[in-house]
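S.K.: Next come the chains, spelled out residue by residue.
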Amino acid sequence: MRSIRAAAVGAVTMSLALAATACGGGSSTGGGSNDSPKTLTYWASNQGASIAIDKKVLQPELDKFKKQTGITVKLEVVPWSDLLNRILTATTSGQGPDVLNIGNTWSASLQATGAFLPWNAANFAKIGGKDRFVDSALGSTGAVGKDPAAVPLYSMAYALYYNKQIFADAGIAQPPATWAELVADGKKIEAKGKQVLGAEGANVSENIHHTFVFAKQHGADFFTADGKADFTNDGVVAAVKQYVDLMAKDKVIPVGNAEYAQNQSVSDFAKGKTAMLMWQSASANLKSQGMSDSAYGIAPIPVQSGTPGTGTQVNSMVAGINLAVFKNTDNLDGSTKFVKFMTSDAEQKILNTAYSSIPPVKAAQEDTAFNTPANSVLKNTLATSAAALPQVADESQFETAVGTAVKNLFADAAAGRAVTTASVKAELEKAQQQMPAK
Amino acid sequence: MRKNPSDPAAPGPRRRRGERIRRIGLPYLLLLPALVLELLVHLVPMVIGIVMSFKELTQFYIRDWGTAPWSGFDNYKVSVDFDAPVGKALLHSFFVTVGFTLLSVGFCWLIGTVAAIYMQDTFRGRGFLRALFLIPYALPVYAAVITWVFMFQHDNGLVNHVLHDQLHLTDKPSFWLIGDNSFYALLIVSVWKGWPFAFLIVMAGLQNIPKELYEAASIDGAGRLQQIRRITLPSLRPVNQVLVLVLFLWTFNDFNTPYVLFGRSAPEAADLISVHIYQASFVTWNFGTGSAMSVLLLLFLLVVTGVYLVFTSRGRKTADV
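Protein sequence lines correspond, in order, to chains A and B. Position 206 (the first sequence) corresponds to 206 in this note's numbering; numbering is contiguous. Position 171 (the second sequence) corresponds to 171 in this note's numbering; numbering is contiguous.
Keep in mind that the hints are not guaranteed to be accurate.
Said to hold, decoys possible - Computed Cβ-Cβ distance ranges for the label pairs, DEER-style: (1) B:Ala138 with A:Gly309: 53 to 63 Å; (2) B:Leu31 with A:Lys66: 43 to 53 Å; (3) B:His164 with A:Lys287: 27 to 37 Å; (4) B:Thr67 with A:Lys66: 31 to 41 Å; (5) B:Ala222 with A:Ala415: 43 to 53 Å; (6) A:Ala299 with B:His164: 31 to 41 Å; (7) A:Thr232 with B:Leu32: 53 to 63 Å; (8) B:Phe73 with A:Lys287: 49 to 59 Å; (9) A:Lys340 with B:Leu302: 54 to 64 Å.
For the record, the hints were derived by calculation from the structure and aren't laboratory data. Just so it is clear, CB atoms sit at the ideal spot from N, CA and C, and this is done for glycine as well.
When you get a sec, could you build the whole thing from the sequences and use the hints?
M.R.: Rendered as structure tokens:
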């Protein structure tokens, strides 16, 4: 009996976790109410350098909210590694927070679960209207043609962070504007004994963000117009190969970065080990690691040729955080009020300044605080040359499948194995086969 | 002939019978809370897991998974279709897990037994060593494994520092957390974490072997190795049978070690089945397929455990005769 039990316990650990949460799922189909109008639970994503820093940033604002409305907000900052699982569990069980942050790329996937309050015209009117928000940010809030599943909260874009001292030592006057220039500059930097470009080779999401942009620059997409996975078209294969070749062929990404997944590349850059880093809104993070603002410059991510723009000149994804309300909340009015508060001009300025992100709210974006050289690069990128990741229900699966394929290719490159068009295509083929059959 | 208990002419047996029921019933009554909890904690989730495996439980239905359509055996068909990618990946993961488990259990048992036998002799510092050996077992898994992650790092890890920088055994620093070496990294951590348990159990088993046996053997001229082969190992047999089974089940199902080492997408060489199933459900959001794979794994482990128990108990009966 004991051995049978031991076998059973292990084998269904996963089912057990799921089932245990499913047991409490009585209210999961509920449509929301105002049964407990005095409290709210809020899951914040980890935006600052640590969870403690996030609490320090958010708590005074939540206190302000309490003063205005009398509603107490219970805050939990959820680390990125747990956030999606926590949301899924909350969705399954119906036992979740009232309001929560989501990565904007998950919007369409989570929208498909039907767990979130749809932001139709009536709901948007309660928070001041849809046209308060920047269009590019609204493009990452759910599938096209459906009411958004969430409201934009912070906007971010990728930029090229470069170490001014290393550039000066290597005799490079301008940050590279094209990939060819970046590779050429890499030779000069290497000659000075420094690493060229940092990357998170084993971080699935980072891999997706970069290969998505490379695909755009090759005029390709990971999904067909009707939402089917199309990972093996020539443009996507060329795009993935170009990104991995930064390590395999061009040798600008150090091989050690193939196993990075815990933001080690940011630490390397902050310590002055690497000359360049492609990151989204890194200023606050770099500062917390002891790198002063004056030590680095910020430039747009390179393109194939010419200058950043739309179409094949895209050089960033629309990165950001959205704020969603669980449909079955016990405090629907309070939740809406909280979203209104968090997206108000005043709060947008405070929060986005603290996290070195850009407000997705038009009026707040015009504040002088967001006109620093660093912010103007990010703002300009978002306004002119950023594209939203595919807003399809399978987005989350796509991130994992293709992100893992790129991770494997980096592992090949690091081990000195050849990365060829055929090997890239084979990995992507495998990724495509993991996608749900339509 | 049976007496009719409702026969008023036979009050004696009825009273006695009532007493008997009360006497026998009490232990069962006392067991009831445990039984109910046992059902609630183990059996109900298992049954729900099995039910889920017959449903098409994707992201479109998880919010109210009662509405998920029944899919019959589709999830199972997908899982065992070894020509298609999902089944092929599952089979690959299964073989990796079998290989990993055999090696890990083998090493854990060997190291644990050798250490326990050596720790039988009284010498200075024995207590200290025993305590030292148990540390990996006592450490929280996450803290222990994350330390190994740091040690296995390519650029700054201790392992490469020793192997490459100090001993010059490799041409260039190796990768341990990605690529083919990840299997060995996983094996090393698993053995490091698992052998103290074998050590503990075998050490307890050794206490039960009468000293006289060894004395008699040494009078008869048996050397140390012969004593181990003829006395220690046969006496440890019942202990070993349980130990190996438990180690096998724990190792086969180990989730924490690979998950902390490699994160949510393990390298192919170290793609253990528990993480694979996790990925098949939580990452692709297809909980039906994940549950079907779990049920298959449960069946496999039940078969292995059953065969093992039959085989070993038959062996024991023969030994008893």
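S.K.: For the range 53 to 63 Å, tell me whether the beta carbons of A:Thr232 and B:Leu32 fit it or not.
M.R.: Distance hint for A:Thr232, B:Leu32 holds at roughly 59 Å.
S.K.: Is the distance from the Cβ of B:Ala222 to the Cβ of A:Ala415 consistent with 43 to 53 Å?
M.R.: At roughly 51 Å between Cβ atoms, A:Ala415 and B:Ala222 fall inside 43 to 53 Å, so the hint holds.
S.K.: Is 43 to 53 Å right for how far apart the beta carbons of B:Leu31 and A:Lys66 are?
M.R.: Since the Cβ atoms of B:Leu31 and A:Lys66 sit about 50 Å apart, the hinted range of 43 to 53 Å holds.
S.K.: Holds or violated: 31 to 41 Å for the Cβ distance of A:Ala299 and B:His164?
M.R.: Holds - the Cβ-Cβ distance for A:Ala299 and B:His164, about 36 Å, lies within 31 to 41 Å.
S.K.: Holds or violated: the 31 to 41 Å window for the beta-carbon distance between B:Thr67 and A:Lys66?
M.R.: holds (38 Å)
S.K.: If you check the beta carbons of B:Phe73 and A:Lys287, does the distance land in 49 to 59 Å?
M.R.: holds (57 Å)
S.K.: Take a look at whether the Cβ-Cβ distance between B:His164 and A:Lys287 falls inside 27 to 37 Å.
M.R.: Check passed, 35 Å falls within 27 to 37 Å.
S.K.: Mind checking the hinted window 53 to 63 Å against the Cβ distance between B:Ala138 and A:Gly309?
M.R.: holds (60 Å)
S.K.: Does the hinted range 54 to 64 Å hold for A:Lys340 and B:Leu302 at CB?
M.R.: Since A:Lys340 and B:Leu302 have Cβ atoms about 55 Å apart, the given range 54 to 64 Å holds.
In this structure, every one of the numbered hints holds.
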